[in-house]
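Enquirer: As a plain string of letters, each chain reads:
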Amino acid sequence: MSSASSPSSNQSAGAIIGRMVVYGILIIAAVYFLIPLFVMMITSIKTMADIRTGNLISLPREVTLDAWKTAWNSACIGVACNGIKGYFWNSVRMVIPAVAISTILGAINGYVFSKWRFKGSEVFFSLLLVGCFIPFQVILLPMARTLGQFGISQSLVGLIFVHVVYGLAFTTLFFRNFYVSIPDELVKAARIDGAGFFRIFWRILLPLSKPIFVVCIIWQTTQIWNDFLFGVVFSTGDTQPITVALNNLVNTSTGVKEYNVDMAAAIIAAIPTLLVYIVAGKYFLRGLTAGAVKG
Amino acid sequence: MASLKIKNIKKAFGSVEVLKGVSIDAQSGEFLVLVGPSGCGKSTLLNLIAGLESITEGDIYIGDRRVNTVSPKDRDIAMVFQSYALYPNMNVRQNISFGLEMRKVPTKEINDIVQKVAGILQIEDLLDRKPGQLSGGQRQRVAMGRALSRNPSVFLFDEPLSNLDAKLRVEMRTEIKLLHQRIATTIVYVTHDQIEAMTLADRIAIMKDGIVQQLDSPHGVYENPANLFVAGFIGSPSMNFIPCRLIRSNNTVGVQLEAADQTSAFLPIGHKSNGLETWVDRELILGLRPEHISTSFPQQDASDQIHPINCQVDVVEPTGPDTLVFVNINAKKVTCRVHPHEAKPPGELIGLLVDMSRAIFFDPETEKRIV
Ligand SMILES: Nc1ncnc2c1ncn2[C@@H]1O[C@H](COP(=O)(O)OP(=O)(O)OP(=O)(O)O)[C@@H](O)[C@H]1O
Ligand SMILES: [Mg+2]
Chain D
1 MSSASSPSSN QSAGAIIGRM VVYGILIIAA VYFLIPLFVM MITSIKTMAD IRTGNLISLP
61 REVTLDAWKT AWNSACIGVA CNGIKGYFWN SVRMVIPAVA ISTILGAING YVFSKWRFKG
121 SEVFFSLLLV GCFIPFQVIL LPMARTLGQF GISQSLVGLI FVHVVYGLAF TTLFFRNFYV
181 SIPDELVKAA RIDGAGFFRI FWRILLPLSK PIFVVCIIWQ TTQIWNDFLF GVVFSTGDTQ
241 PITVALNNLV NTSTGVKEYN VDMAAAIIAA IPTLLVYIVA GKYFLRGLTA GAVKG
Chain X
1001 MASLKIKNIK KAFGSVEVLK GVSIDAQSGE FLVLVGPSGC GKSTLLNLIA GLESITEGDI
1061 YIGDRRVNTV SPKDRDIAMV FQSYALYPNM NVRQNISFGL EMRKVPTKEI NDIVQKVAGI
1121 LQIEDLLDRK PGQLSGGQRQ RVAMGRALSR NPSVFLFDEP LSNLDAKLRV EMRTEIKLLH
1181 QRIATTIVYV THDQIEAMTL ADRIAIMKDG IVQQLDSPHG VYENPANLFV AGFIGSPSMN
1241 FIPCRLIRSN NTVGVQLEAA DQTSAFLPIG HKSNGLETWV DRELILGLRP EHISTSFPQQ
1301 DASDQIHPIN CQVDVVEPTG PDTLVFVNIN AKKVTCRVHP HEAKPPGELI GLLVDMSRAI
1361 FFDPETEKRI V
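Which chain is which? The protein sequence lines are D and X, in order. By the numbering used here, the letter at position 166 of the first sequence is numbered 166, and the numbering carries on one by one without gaps. If you count the second sequence from 1, you need to add 1000 to reach the numbering used here.
Please keep in mind that the hints were generated in silico from the structure rather than gathered at the bench. Given the structure is predicted, the values throughout are model-derived calculations rather than measurements. Beta carbons: idealized from backbone N, C-alpha and C, even for Gly. It cannot be assumed that every hint is accurate.
Claimed, not checked - Here are the simulated distance ranges between beta carbons:
no., chain 1, residue 1, chain 2, residue 2, range
1, X, Asn-1163, D, Gly-14, 28 to 34 Å
2, D, Ile-96, X, Asp-1112, 45 to 51 Å
3, D, Arg-199, X, Pro-1321, 28 to 34 Å
4, X, Gln-1312, D, Asp-184, 33 to 39 Å
5, X, Gln-1115, D, Lys-119, 43 to 49 Å
6, D, Val-123, X, Pro-1321, 36 to 42 Å
7, X, Pro-1243, D, Val-123, 48 to 54 Å
To be verified - One-sided excerpt, in silico: chain X residues whose CB lies under 10 Å from chain D:
no., residue
8, Lys-1073
9, Asp-1074
10, Gln-1082
11, Met-1102
12, Ala-1147
13, Ala-1166
Unchecked claim - Once the Cα atoms are required to be at most 27 Å apart in a straight line, the calculated DSSO-like pairs of lysine-lysine come out as:
no., chain 1, residue 1, chain 2, residue 2
14, X, Lys-1130, D, Lys-282
15, X, Lys-1344, X, Lys-1368
16, X, Lys-1007, X, Lys-1332
17, X, Lys-1020, X, Lys-1332
18, D, Lys-119, X, Lys-1073
19, X, Lys-1108, X, Lys-1005
20, X, Lys-1010, D, Lys-119
21, X, Lys-1130, D, Lys-210
22, X, Lys-1130, D, Lys-119
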């Protein structure tokens, strides 16, 4: 708050106080949101003895990464005691194809709905949008049956399929709204130049789509990685994603509750989405507000 | 080079009919301008010629080929858009060569064409820039370059100058005209600026509400407008339309005009009255261009059709070479073009002369030209 302490500042006292109030509120809000993370972090590096004797926010007397190792390698989930690492990779193997497929299909859908409208395409698009508002729970039973018919129930492929289908409504909406802001004349010019449907997409629109790809990938990665409901319903045992495993880990009660292991596992489960946001977050904001592309 | 034939084209979007039967013939090498107010269907017609929209009814021929169902890329046309529509991610060179590349022209040939086109349009220095790094005028040139590179038989321009500032617009107008003289390709050029239409066109098609009102040379539409709309649309300042009654007095047919202070004047029509006999004692609309109401005419001694009328000046607008004087005749605001030295300040009387040999008349009901 240099402006408040700087004597050369020509702001009035009222403005300075106002500024301080604003910063004060922001700092309190930041602390409020960061405290749980802080508690998780310090708890995960404490020993069990430490946890038992200290309180929630007391600093660890002895720092150890044992809980992290246990969580990753040997914590018991159900009857198997192999840690969460297998489930972590399950999630990775689920998220990458699901995000890639739903984003690419969404981009093509958005391209069609904005640049190659056909009779009834508006109705079609509106129906697709309804998909954004359908609660997860509603589609569980029909989806289970569909997966059964396809012979991919309780498998990673089935889970990926569910996420792709559910995500399409969102990705299509993102891309369609972005492409609407790109002038139709670009497409017309390319058609006259002799480019076809896919060539126009590939050569003209895709190179302009970086911001919306970032938005879409962040959104989908976060949604799919963090999903619990689809994971718990449409997968079993070895194919479960990390969110489900985390829940099972915490609920597996053999003797003492190891809070430090639980916390470490929870942080591990949260790291990928945090990373995605830290790396690409500024593009996310930029992409959300990206307007028309200037020719 | 090819001719363009548009035969009774109709276009409807859903239940809205935008073009209601348009027929235009353009000869090979002709510069045809489509002009009309916003929303009259100019861009729609151009899109139909380009094949970007489907035709509801009618036929389009480019050369001898009926192109109704031919795809845009095979129509041998090139189009310049109002927004230029340059591909933002490609540099100028790639923008110009994209169409050639799509047509699988050999790379070496593409390079030669790009160089040649860049030379014609003087954009050699810009070839490696992205469209975002160009000024409006430069983008305009690149857009023309993209069209030129393919050497099509018909060029379509959709308001290519409307995004430029006034000075640049005049410069580019001249350049387009020079370009046309040089390449002599058929051009269909859309604008809503009547000066652009007048200066560029071999022939002008004036459109309104999806109908071609008149198709004629610039001189023709200016001198012989087919109806009130065309007469008012072409020419700046617009033609004066004075409602009046046709009367016969001493065996001559003429109009009675009331100017300021109840001074009225009888203006005989002379030999132009031939087609007007049936209109005697009926109301019609007298059309007079501002330059035909003035204080003096070069030919005034030799002509027996120049008649005086005294009016009170309401407003004076100097334009430089001429001064526009606004007066009231038959309770209608009338613009007159006079020599700056002969203009009078507002409130004073001015002695005007009307060149009745240039007067034209319109039916107030149908708005069609009478003679
Ligand atoms: N795809 C479309 N669907 C429905 N109506 C349309 C469509 N395209 C154009 N129109 C309508 O057709 C009419 C003519 O449009 P057009 O773009 O041809 O006008 P214009 O003469 O080019 O006008 P301007 O000078 O403003 O460019 C307008 O009323 C417009 O609303
Ligand atoms: Mg238009």
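Enquirer: All the hints need checking, so say for each whether the structure fits it.
Expert: Hints, verified against the model:
Our hint of 28 to 34 Å for X:Asn-1163 and D:Gly-14 is violated, since their Cβ atoms are close to 47 Å apart. At about 46 Å, the beta-carbon gap between D:Ile-96 and X:Asp-1112 stays in the expected band of 45 to 51 Å. Checked against the hint of 28 to 34 Å, the C-beta distance between D:Arg-199 and X:Pro-1321 comes to roughly 54 Å, which is inconsistent with it. Distance hint check for X:Gln-1312 and D:Asp-184: the Cβ-Cβ separation is about 54 Å, which falls outside the suggested range of 33 to 39 Å.
The beta-carbon spacing between X:Gln-1115 and D:Lys-119, approximately 45 Å, falls within the hinted interval of 43 to 49 Å. Remark: the range hint 36 to 42 Å for D:Val-123 to X:Pro-1321 is contradicted by a beta-carbon distance near 60 Å. At about 52 Å, the beta-carbon gap between X:Pro-1243 and D:Val-123 stays in the expected band of 48 to 54 Å. Hint status for X:Lys-1073: holds, given a least beta-carbon distance of 4 Å to chain D, under 10 Å.
For the restraint placing X:Asp-1074 at the interface with chain D, the shortest Cβ-Cβ distance is roughly 8 Å, inside the 10 Å limit, so the hint holds. This hint holds: X:Gln-1082 has a C-beta 8 Å from the nearest C-beta of chain D, less than the 10 Å allowed. At about 4 Å, the closest approach between the beta carbon of X:Met-1102 and any beta carbon in chain D falls short of 10 Å, and the interface hint on this residue holds. Hint status for X:Ala-1147 relative to chain D: holds, with the closest Cβ pair at about 9 Å, below 10 Å.
A hinted interface residue such as X:Ala-1166 counts as satisfied when its beta carbon comes closer than 10 Å to some beta carbon of chain D; here the least separation is about 22 Å, so the hint is violated. Distance restraint check for X:Lys-1130 and D:Lys-282: the Cα-Cα separation of roughly 25 Å lies within the 27 Å cut-off, and the hinted pair is therefore satisfied. Between X:Lys-1344 and X:Lys-1368 the CA atoms are separated by roughly 35 Å; this puts the pair beyond 27 Å, and the hint is violated. Proximity of X:Lys-1007 to X:Lys-1332 is assessed by CA-CA distance (about 41 Å); at most 27 Å being required, the pair is judged violated.
Proximity of X:Lys-1020 to X:Lys-1332 is assessed by CA-CA distance (about 34 Å); at most 27 Å being required, the pair is judged violated. Distance check on the hinted pair: D:Lys-119 and X:Lys-1073 sit about 23 Å apart at the alpha-carbon level, within 27 Å; holds. With a C-alpha separation of about 36 Å, the suggested pairing of X:Lys-1108 with X:Lys-1005 is violated against the 27 Å cut-off. As the CA atoms of X:Lys-1010 and D:Lys-119 are separated by approximately 19 Å, the hinted pair is consistent with the 27 Å bound.
Proposed proximity of X:Lys-1130 and D:Lys-210 is supported: the alpha carbons are some 17 Å apart, at most 27 Å. A distance of roughly 36 Å separates the Cα atoms of X:Lys-1130 and D:Lys-119; the hinted pair therefore is violated under the 27 Å criterion.
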